[in-house]
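Engineer: Letter by letter, the chains look like this.
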Amino acid sequence: MKKLLVYLRDYKKESVLAPLFKMLEASFELLVPLVMAQIIDTGIAQRDKGMILRMGGLMIALGFIGLVCSITAQYFAAKAAVGFSTGLKHALFGHIQKLSFSEMDTIGTSTLITRMTSDVNQVQSGVNLVLRLFLRSPFIVFGAMVMAFTIDVKAALVFVVTIPLLCIVVFGIMLISMPLYKKVQAGLDRILGITRENLTGVRVVRAFNKEEAETARFREGNESLTQMQMFVGKISALMNPVTYIIINGAVIVLIWTGALRVDAGYITQGEVVALVNYMSQILVELIKLANLIITVTKAFACANRIEAVFETQSSLAAPGKAASAGVAALNQNAAAVSFEHVCLTYKNAGAESLTDIHFQAKKGQTIGIIGGTGSGKSSVVNLIPRFYDVTKGRVLVDGMDVREYPLEELRGKIGTVMQKAVLFKGSIRENLLWGKEDATEEEMWRALEISQSKEFVESKEGKLDAQIEQAGKNLSGGQRQRLTIARALIRKPEILILDDSASALDFATDAKLRKAIREMEGAPTVFIVSQRAASIRYADAILVLDDGETVGWGSHDELMANCAVYREIYDSQFKKTEG
Amino acid sequence: MKSSKQKETLFKVLRYIRKYWFYLGVSVLMAAGTVALTLYVPILTGDAIDLIIAKGLVEFGRIWDILVKIGGAIALTAVAQWLMNVCNNRMTYGIVRDIREEAFRKIEILPLKYIDSHSYGEVVSRVIADVDQFADGLLMGFTQLFTGVVTIVGTLLIMLTINIGITAVVVCITPVSFLVANFIAKKTFHMFKLQSETRGEQTALIDEMVGNQRVVQAFGYESNAMERFDEINGRLQKCSLQAIFFSSITNPATRFVNSLVYTGVGITGAFLAIRGGISVGQLSCLLTYANQYTKPFNEISGVVTELQNALACAGRIFELIEEEPQTPDAVDAAQLKEVKGTVELEQVAFSYTPDRKLIEGFNLKVKPGQRVAIVGPTGCGKTTLINLFMRFYDVNAGTIRVEGKDIRQVTRKSLRTAFGMVLQETWLKSGTIRENIVMGKPEATEEEIIAAAKAAHAHSFIKRLPEGYDTIITEDGGNLSQGQKQLLCITRVMLCQPDMLILDEATSSIDTRTEIRIQKAFAKLMEGRTSFIVAHRLSTIQEADIILVMKDGNIIEQGNHESLLAEGGFYAQLYQSQFAV
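Protein sequences appear in the order of chains L and F.
For the first sequence, my numbering gives the first residue as 1, with consecutive numbering after it.
For the second sequence, my numbering gives the first residue as 1, with consecutive numbering after it.
Careful: at least some of the hints might be erroneous.
As the list claims (entries may be wrong) - The calculated DMTMM-like cross-link candidates involving lysine to aspartate or glutamate, where the alpha carbons are at most 25 Å apart (straight line), are:
no.: 1; chain 1: F; residue 1: 463; chain 2: L; residue 2: 549
no.: 2; chain 1: L; residue 1: 3; chain 2: F; residue 2: 50
no.: 3; chain 1: F; residue 1: 19; chain 2: L; residue 2: 223
no.: 4; chain 1: F; residue 1: 357; chain 2: L; residue 2: 458
no.: 5; chain 1: L; residue 1: 515; chain 2: L; residue 2: 441
no.: 6; chain 1: L; residue 1: 425; chain 2: F; residue 2: 319
no.: 7; chain 1: L; residue 1: 454; chain 2: F; residue 2: 552
As the list claims (entries may be wrong) - If you anchor each label on the Cβ, the simulated ranges turn out as follows:
no.: 8; chain 1: F; residue 1: 161; chain 2: L; residue 2: 42; range: 27 to 33 Å
no.: 9; chain 1: F; residue 1: 223; chain 2: L; residue 2: 461; range: 29 to 35 Å
no.: 10; chain 1: L; residue 1: 171; chain 2: F; residue 2: 71; range: 45 to 51 Å
no.: 11; chain 1: L; residue 1: 171; chain 2: F; residue 2: 57; range: 41 to 47 Å
no.: 12; chain 1: F; residue 1: 445; chain 2: L; residue 2: 231; range: 52 to 58 Å
no.: 13; chain 1: F; residue 1: 319; chain 2: L; residue 2: 179; range: 32 to 38 Å
no.: 14; chain 1: L; residue 1: 235; chain 2: F; residue 2: 471; range: 35 to 41 Å
Since the hints were made in silico from the structure, they are not lab data.
No experiment lies behind these values; they were computed from the predicted model shown.
Backbone N, C-alpha and C define an ideal beta-carbon position, used for all residues, glycine too.
Between the sequences and the hints, there should be enough to build the whole structure, so can you do that?
Structural biologist: In structure tokens form, the structure reads like this:
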């Protein structure tokens, strides 16, 4: 919680003024019993009607000032709380975006979503309440005690015993229930995950007639969430009755003490009324507090979860300073990309995914990467834009270790097209602008042309402004792939990575695509990861992988002559048809 | 208009409450008990104070008796309060559970059209965030509304027995606070709705950006995403501030009215006391009641704003729950049994949007055991056919018949069981590998699972995972490669041994050596069974009995590999292109 408080920094004024005005209001409220005691002891005793009316007027005035103070306080509190959550969400979103692939793999999307939405909302309500009430309530409680002292020290001792007792109960219940609320939020994560899965996998769920089973799974998660909520609710439900007993017990003692004191002639009857009034004011405050304590406890639990996200640091060590321009100039002749004895072990994985990969790609070359499923093809190309860090060896781009580049600069050089064709809700134009923010209409069409998507974009109503639904659901797989390729091409990257990204294209389109890329101005260094021998056959060099190890490196002809694995792959696709 | 919709929502909520009538009854009873006792205590206190008159005029014996009574009352109150709280808890969370479950059930029967056209984040926000907010509001409503109302009635009665004049003063002033609260509540309802909508929008963006973080990072789109996020965030800040601030005015405003009441009671009471109408003890008692009487107004008005918010959320949930579900199976829908694999399409027409025609006048006859391959340039409607076979979407015109039965006349369940489907879009649920494999056949034995995995060539990589078949995979497959995910999806179908098979680019991410082996396994599996294969790799489809060449939603060529090559048409052109440079 503490760490999150920095987001209140911009609202210092508000976060000080809100409780201040609340306290002002509270002080005026505390004066009321005194005024009333005056009415009883002086007004009634001396039958002074004018005095009673004057005191009445004073009470209304106090009430009005209280109103003004309170509204001011509410405004500041709301402003600070909303501002706080806005800032917090901004920072959280920024932080999540910085997390590397490894962290994303382990944390999971759903929980990040709950944390950014539900959890932040809870914290916001918490901050709002704390600003408004958590200072007001103790203030009234202690204020009431102080006022009691001004009336009679001995009688006030009852307050001194009662208040710490109340504190123990309130904070005790908070401490016990806080971890439980954390569990509740985790339960919420779970059912959010299930809901999300059922939306993304709706076709599979229905194809396997799993609706009932999935509903049962949801019900189970929902049920355990409910049980947890009820359990924690039961504990919180203790708050009210226990405080009620303590306070009213104190009232009993107070009356008895009062009786003794009055009997001894130290205090008056009116003062006993005032003392009892103060005690009931404390009760009123505490009842309010108890009703809100759930919100605050929840807020604490949620704040912890948010903090946990902030504490997850990107495993990619801080990239070097942007001094690379000079270095790159020095390395004009360096290879565009070179791998030096690279090994990679994924987090939490037992075995190495890549072992001793060593090769060089010169500027403008096309490199093909081929190998069986799970042989590490994608892992190789994922290292170039530094989506993951190598565990041994190093990867150089333009002669410099990728770990020394500022990430933005490194990734700016590279156009990546991933296996999974992801597009975003919005127009085609907006999706293309991902690749290059200031791309002109001309550049867009050029990229579409190269990626073989010009034709279908032209046939769409609105052309570049045609709307794409979330995840590109209104396009076919091939269309999606071609648009993602266009998106990568538009920035005229120095290095282009096609990670099995033409798999949904027919051969004719695939061939045309490769031809167009080769003829592109600026001649990027191209990495083509593919299952198809045809796609990489004409590459300048081909890397053949098997189980994370290099089993071949060279041109098609060389590999045909001396690489058994490559020959086998090639034959599996061509022998029958040619023969 | 608005308030009538609110009322409607309220009635719907009441329907859910009905089931918990027992808890509701206990809760109300306990509320009444609590209130009665709470009100009784000040009377006793007042009595006690009247016995403390001045120095030497204190009746300790009677005070003691009264204090004992107070003690008993306190104990009873505490118990009643606790019971009430527990009942309210059960009720609230029970209702919320029911609503959530119903919302989820709805998701399972919504037409795909709805799911395909709504962002996941938004739907998720309804099921999770809105329901959560609703729970908070409802709980507050239960705990404070009953006691509030009962307190008001109770105090009024007691005050009447003490002094009618003063009670009249109280009754006249307090409704003002209701008016104020009502006014504010009305004004803020739409603000809360706007807030809730903007939140939904934000969740959708978060879902998209965080869900596709890889792409975001690859394109260095972080700052743009941030910008878009901030724009929504800014709007949300504005409307949240409004909603929260304006709704929070209620409390101070009603409190002010309360202080008016208190003063009114004080002055009239004092005047009465001067005339000897009431004792000081009674006045003290009346003052306490005045406080206790107005307090619930205060709370109720607070609760009303909270309930407003809750209702706005509930409204959004009900929108989802009441969404038109897919056309249910016909009452007399038959079970599709003993499927041999005859599939006929007759004059089928379909389009996703009415203004863009896709498939028209489509005819096809497939005999049992035939292998049908569908090829064509991307975007020609191949996948759409599968949507229709599986009845994810219904045809606009014409009929699809399986075993001579219109698929709209058989149960979806039996239809889908007849087909085994592997899609290009791999989808795995979070859980163990085993759980994912047995999706279609939960009762499968270990041997069957391993046999299926071996046939799909998934066994060797599964074996190498840290926990083998019990390795837990995270959301959407986590660290598995696209190809490995596909192998798992294939294993899933292998295990089911379906009557018919649909492969939609099912092997696109698998290397060709493995693919050939898998195909052999499939071929064995599919012997004598009808299968539909959508593919771009022509090597995959050469051996098909029928090859449908599609373009722009129509079949332009039909035949087998040899005849189509001989024809020298579009297929031949496609085929040659794979050898092109």
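Engineer: Are the hints correct? Go through all of them and say.
Structural biologist: To see whether the hints hold, each was checked on the structure:
Note on residue 463 (chain F) and residue 549 (chain L): the hinted pairing holds, with a Cα-Cα distance of about 19 Å set against a maximum of 25 Å. Using a Cα cut-off of 25 Å, the hinted pair residue 3 (chain L) and residue 50 (chain F) is violated, with the two alpha carbons roughly 54 Å apart. Pair hint residue 19 (chain F) plus residue 223 (chain L) holds up; C-alpha atoms about 17 Å apart against a cutoff of 25 Å. Taking the CA atoms of residue 357 (chain F) and residue 458 (chain L), the gap is near 17 Å; set against the 25 Å cutoff, the hint holds.
Our distance criterion of 25 Å between C-alpha atoms is met by residue 515 (chain L) and residue 441 (chain L), whose separation comes to about 23 Å. Using a Cα cut-off of 25 Å, the hinted pair residue 425 (chain L) and residue 319 (chain F) holds, with the two alpha carbons roughly 23 Å apart. For the given pair, residue 454 (chain L) sits about 16 Å from residue 552 (chain F) by alpha-carbon distance, which is consistent with the 25 Å threshold. Taking 27 to 33 Å as the suggested C-beta distance range, the pair residue 161 (chain F) and residue 42 (chain L) conforms, at roughly 29 Å.
At roughly 31 Å, the beta-carbon separation of residue 223 (chain F) and residue 461 (chain L) lies within the given 29 to 35 Å, and the hint holds. At about 26 Å, the beta-carbon gap between residue 171 (chain L) and residue 71 (chain F) misses the expected band of 45 to 51 Å. A C-beta distance of roughly 43 Å is found between residue 171 (chain L) and residue 57 (chain F), which places it inside the suggested range of 41 to 47 Å. Hint check: residue 445 (chain F) to residue 231 (chain L), Cβ distance near 39 Å, so the stated range 52 to 58 Å is violated.
At about 35 Å, the CB distance of residue 319 (chain F) to residue 179 (chain L) agrees with the hint of 32 to 38 Å. Here the CB-CB span from residue 235 (chain L) to residue 471 (chain F) is close to 37 Å, well matched to the stated 35 to 41 Å.
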